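Please construct the entire structure, taking both the sequences and the accompanying hints into account.
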Amino acid sequence: MAFLDENGVELLLGNEAIARGAFEADVACVSAYPGTPSSEIPEVAAKYAKNTGVYVEYSTNEKVAMEVAIAYSWSGLRAMVTMKHVGLNVAADTFMSVAYQGAVGGMLVVSADDPGMWSSQNEQDNRLFGRFAGVPVLVPGTPQEAKDFTKLGFELSEATGSLVLLRTTTRVSHTRAPVKLEALGEGVRKGETKSGKFQSNPTKFISLPANARRNHPEVLRRLNDALEFARSRGLNRVIGEGDFGIITEGVEYLYVKEALRDLGVSAKILKLDMVYPLDEELVAEFCSTCTSVLVVEELEPFIEDMVKSILFDRGLNVTVHGKDILPRVDELGYWKVRNAIEHALGLSLTKPEVSQVPQLPPRPPVLCPGCAHRNVFYAVKKVDRSAVKPSDIGCYTLGAMEPLKAIDTCIAMGASVGLSSGLAKAQGNRVVATIGDSTFFHTGLPALVNAVYNKARLTLVVLDNRITAMTGHQPNPSTGFTATGEVSPNLDIAEIARALGADYVSSVDPYDLSELERALREAAEHVVSVVVAKQPCALLRASLLRQKKERIPTYQVDAAKCTGCRVCVNLLGCPALVFDREAKKVSINEDLCTGCSACAQVCPYNAIYEVLPDGSKKFDVLTDEVKERWQRWYSTLF
Amino acid sequence: MVFNIVLSGVGGQGILTAAKIIGRAAVHEGHYAAVGEIHGLAQRGGSVIGFVRISDEEVSSTVPEASADLLVAFEPLEAIRYVNYAKKGTKFVINTSPIVPVSANLGNVVYPSVEGIREQLQSFGPVSAFDALEIAKEIGNPIYVNTIMLGKASQLLSELVSRDSVERAIRESISRDLENNMAAFDRGYSL
Ligand SMILES: Cc1ncc(C[n+]2csc(CCOP(=O)(O)OP(=O)(O)O)c2C)c(N)n1
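These protein sequences, in sequence, are chains A and B.
Sequential numbering from 23 applies to the first sequence in our numbering.
Sequential numbering from 368 applies to the second sequence in our numbering.
Simulated from the structure, these hints should not be mistaken for lab results.
Treat the hints with care, as some may be off.
What the hints assert, rightly or not - In silico DSS-like links for lysine-lysine, alpha-carbon gap of 27 Å or less:
#: 1; chain 1: A; residue 1: K404; chain 2: A; residue 2: K447
#: 2; chain 1: B; residue 1: K458; chain 2: A; residue 2: K373
#: 3; chain 1: A; residue 1: K358; chain 2: B; residue 2: K455
#: 4; chain 1: A; residue 1: K358; chain 2: B; residue 2: K458
#: 5; chain 1: A; residue 1: K447; chain 2: A; residue 2: K403
#: 6; chain 1: A; residue 1: K640; chain 2: A; residue 2: K571
#: 7; chain 1: A; residue 1: K649; chain 2: A; residue 2: K403
#: 8; chain 1: A; residue 1: K570; chain 2: B; residue 2: K504
#: 9; chain 1: A; residue 1: K640; chain 2: A; residue 2: K606
#: 10; chain 1: B; residue 1: K504; chain 2: A; residue 2: K571
#: 11; chain 1: B; residue 1: K454; chain 2: A; residue 2: K358
#: 12; chain 1: A; residue 1: K373; chain 2: B; residue 2: K454
#: 13; chain 1: A; residue 1: K345; chain 2: A; residue 2: K373
#: 14; chain 1: A; residue 1: K571; chain 2: A; residue 2: K69
#: 15; chain 1: A; residue 1: K571; chain 2: A; residue 2: K639
#: 16; chain 1: A; residue 1: K639; chain 2: A; residue 2: K607
#: 17; chain 1: B; residue 1: K504; chain 2: A; residue 2: K607
#: 18; chain 1: A; residue 1: K427; chain 2: A; residue 2: K404
#: 19; chain 1: B; residue 1: K455; chain 2: A; residue 2: K373
#: 20; chain 1: A; residue 1: K649; chain 2: A; residue 2: K583
#: 21; chain 1: A; residue 1: K639; chain 2: B; residue 2: K504
Claimed, not checked - In silico negatives: residues of chain A with every beta carbon more than 12 Å from chain B:
#: 22; residue: G98
#: 23; residue: S119
#: 24; residue: L242
#: 25; residue: E303
#: 26; residue: E307
#: 27; residue: T431
#: 28; residue: L513
#: 29; residue: Q623
#: 30; residue: T645
Quick caveat, the model's predicted, so the values are computed rather than measured.
Glycine residues also receive a C-beta, built at the ideal position from the N, C-alpha and C atoms.
What follows is the structure, encoded as C-alpha cells:
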C-alpha cells in the first residue's frame, strides 16, 4: 500500500497529492460532489478511508458537500470539501455566508478550475471567488505543491479562523509527478475515526443581520492575519536576478522557467503561492527594483489588476505587462509565455514550425456501444420530433452529436428541468427533457417540484444508469452504496416522482425500444410525466460482467441480408457499427459490441442476430428471456 | 535535458496507463518525470492525448507544439491528428490497426489510408509501424495492444530508461494478468 507509506517518493497525480496532503494533515472529513478535474481527490480518499479512519462522502451536490465539511470544522475537526470550479457556484450561497462566520477546525475548499475547458461548460476563474468572499487563495503549480499547500491550507485556516480556498487547474490536478511522502497525521496513521464537539456560539453560527454585521469586519481581520502567516511561513518567493521582473503563480511559473532557460535571459521572478490576499509590501518592493514587470497568469488579470493598483497607490512608475500581450481566454503554455517574454523584452518573437494537421474524420467523444442513453434519444426523436428537447450535463449531453442530434439545450447541472418548466409556458407546447440520475438528485429535484406546482407540460426522462458515469463512475443515491462502499438505501426515482405529484410515472427498460416508445406516447397524454429509463451504464456493466466471468452477448450482421441501407448507423451511430463503403455492408466490431441489440431492433431487414454460445444465429432478438437478462443487469449490477 | 513523449489513441485503449508506466520508470531511473493526462470527456471513445516529459529538473507536463522527441500512436488516425507536436527528427511508433470513428460511417467522410499516414510521418523521422492488434490477439486479448506499444516505445527509450525500470513500473501498475502483459511487452520490445 505505497500510497500510505511515510517516506520515499511516489509519482502522484496532483489530485492524489491533495488527498495525501489531507491525510498528512490528519483530516477528519473529505466531502465532495464529483466533477472533472477534481474527482480523483475523493476517489483516493475513499479508497483509503477504512485504513485511515477518515470520513469520506459523496454528497448529493456541492452545496450539501460544503455544509457537511463545515459541520466537521464547526465540531473542531479538520475538513476538506472538493469540487470542480462550477461546483462552487452551486455551493456559493453557503460559502459566502460561512466566509463571515469562519472556521473552527481547519477547513479547506478545493476548487479545480479548467482553463481551456477540457471538460467544462465555462472557464470561470475561481481566484475571483476568494476575493469575492474574502477567503485566502492558495495556488499550487505541481503535485508536490498541491500536497504542501493542502497541509499549509489547514494551518492557515486554523491560524486565521478563515476558510481557505485551494485553487488548482486541470494541469495541476491531472499532472503526475514525483511527490515526497512525509509522516501521516496521528489519527490517520492509527486509523482512528475522529469525533468532534459542536460548541454553541450564537454570534458566530447564527447569521442574523446583527451577527453578520459583527462578523464582516472579522473577514478583513482574517485576511490581515493571512498575510502575516504567509510571511512567517515563507510563501511567495523571489527567485533570480535582474531588472526585468515576472510575477507569476502555479503552473505558469514552470512555463516561465522553461522559456527563460531556452531564451538564455535572466529575470527576477516573484512566484506567488498565496495570490489572495496579495502581499502589497512584497509586490511594491519587488516592482521598485524592476524597470518593467510582466504578470504571467491564466485567464483573468487577477494579479495584474491588484499589482497595478498597488503601484498607482504608491506612485511607482513601472511598466506592467500582462493581458496586453497574453490571452485572457484558454490556458497558457510554453509558446504563449515565451512569446510574451520576448515581447516584453523587445526581442523578436520565435514562431515554432508547427506542422498543419490535415482535414481528418473527427473523433469527438461518443456514447459508448450499448449505452442506453442512445436508445432514449432514438425513441424521443421518433415519438415527438417537434417538441423542444432540453437536456442536461452528463454523458447524455453527447446526444447532441451526429447522428443523434437529439437535444436542443444544455446549460448547467439540473437546469434542464427548470428550463423545461419555463419553455412549456413560453411555447405553449409539451417539452421533452432528459436528465441523468446523479444530476436529477443534484439539482433536478427542486425543479421537478416546480414543474408539478406550476403545471408545466413536461415529459422528463430520467436516464437512470445507477451511477455518475461521466465523471468516472462515482456512486449516487440510485446506486445502493456510498463513497466508501457501505450499503445504503437505493432511492427509486419513480417512487420519488410519484411522491412529488407527477401525473404520470413509468419505469421502463430502454433496451426494449417498443416499451420505451409506448411509455413516451402515454406520457404525452398527461401534464407532468416522468419516465424512468432503467439500464445500467454499459461500460460499467460490461466490465462487471467480465469480472464475474459472465458471458456478454454479442450481435452480428448477416451479410447476405444486409442491404447497406445504413439505417442502423444513421439512427443510432453506435461506435461498434462499421460501414464498409466498398462492400456496401455494415458489420459489427465484436471487440466493441456490448450486446444491447438496439441495432437488431431497428434493422428494417432483420439482418442482425445474436450470436448464441453454440455459434448459432438468433434473429428473434426481443424474447422474454432476453428481457429478463436485461432486468437482471439492472437489479444485480453490483 | 527534457525528453518529450506524446502518446495518442482512442479513449479506452489505455493511453494514460502507458503514460503513467513510462513516468514511473523514469523516476525509478532517477529522473524527474511529469505525466500530463486529460480525463473526462476523453474517455468516451474520443481522441485521447497524453504526455510524458523526462527531465533533470521540475518541468510542466505539457509538451509544447513542434517539440515531441517520440510520438507513440495506438491508432493510425490518432498519429496524424497530433502531427502538430512533431518536429524534424521525431521518432514514431504506430499501431496500424484502425478504429473507424463514427463520423467516417456517416455521409461522405472517409478514413484516410494508413500507408499515406505513414508516408507523411516519415518526412519527420523514423517510423516503426506494426499491427499491434493482431499481435495482441495472438497473445489472447486486444487489451495487450497497450503493453505491446509500451514495449516498442521502451526499446526506443532505452538510453534514457532501462528495460528493468520499465518492467518494474509495469509490475507496480498492472495487477491482473501480469504474465500475458509481460509477454506482450516483450513482443513489443523485440519488434
Ligand atoms: C455543478 C457541477 N458539478 C459537477 C459537474 C461535473 N459533472 C458533469 S456530468 C456529471 C454527472 C453526470 O451524472 P449523471 O447525471 O448520472 O449522468 P451520466 O453521466 O451517468 O449519464 C457531473 C458530476 C458539473 N458539470 N457541474
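Quick rundown of the hints versus the structure:
1. A/K404 with A/K447: OK: A/K404 and A/K447 at ~23 Å, within 27 Å.
2. B/K458 with A/K373: 22 Å, holds
3. A/K358 with B/K455: Holds. A/K358 to B/K455 sits at ~21 Å (cutoff 27 Å).
4. A/K358 with B/K458: Status holds; Cα separation ~25 Å.
5. A/K447 with A/K403: 21 Å, holds
6. A/K640 with A/K571: Holds - the C-alpha atoms of A/K571 and A/K640 are around 22 Å apart, at most 27 Å.
7. A/K649 with A/K403: 23 Å, holds
8. A/K570 with B/K504: Distance of about 22 Å is within 27 Å: holds.
9. A/K640 with A/K606: Answer holds: A/K640 to A/K606 is near 23 Å, not above 27 Å.
10. B/K504 with A/K571: Holds, at roughly 19 Å.
11. B/K454 with A/K358: 18 Å, holds
12. A/K373 with B/K454: Holds, at about 13 Å.
13. A/K345 with A/K373: 20 Å, holds
14. A/K571 with A/K69: 24 Å, holds
15. A/K571 with A/K639: 22 Å, holds
16. A/K639 with A/K607: Within the cut-off at roughly 18 Å; holds.
17. B/K504 with A/K607: Roughly 25 Å separates the two Cα atoms, so the pair holds.
18. A/K427 with A/K404: 12 Å, holds
19. B/K455 with A/K373: With a Cα-Cα distance of about 15 Å, the restraint between B/K455 and A/K373 holds, given a limit of 27 Å.
20. A/K649 with A/K583: 25 Å, holds
21. A/K639 with B/K504: Roughly 24 Å separates the two Cα atoms, so the pair holds.
22. G98: 35 Å, holds
23. S119: 31 Å, holds
24. L242: It holds; A/L242 is separated from chain B by about 36 Å at its closest Cβ, greater than 12 Å.
25. E303: 28 Å, holds
26. E307: 26 Å, holds
27. T431: 18 Å, holds
28. L513: 26 Å, holds
29. Q623: The assertion about A/Q623 holds, with a minimum of 19 Å to chain B.
30. T645: Holds: least Cβ distance 29 Å, greater than 12 Å.
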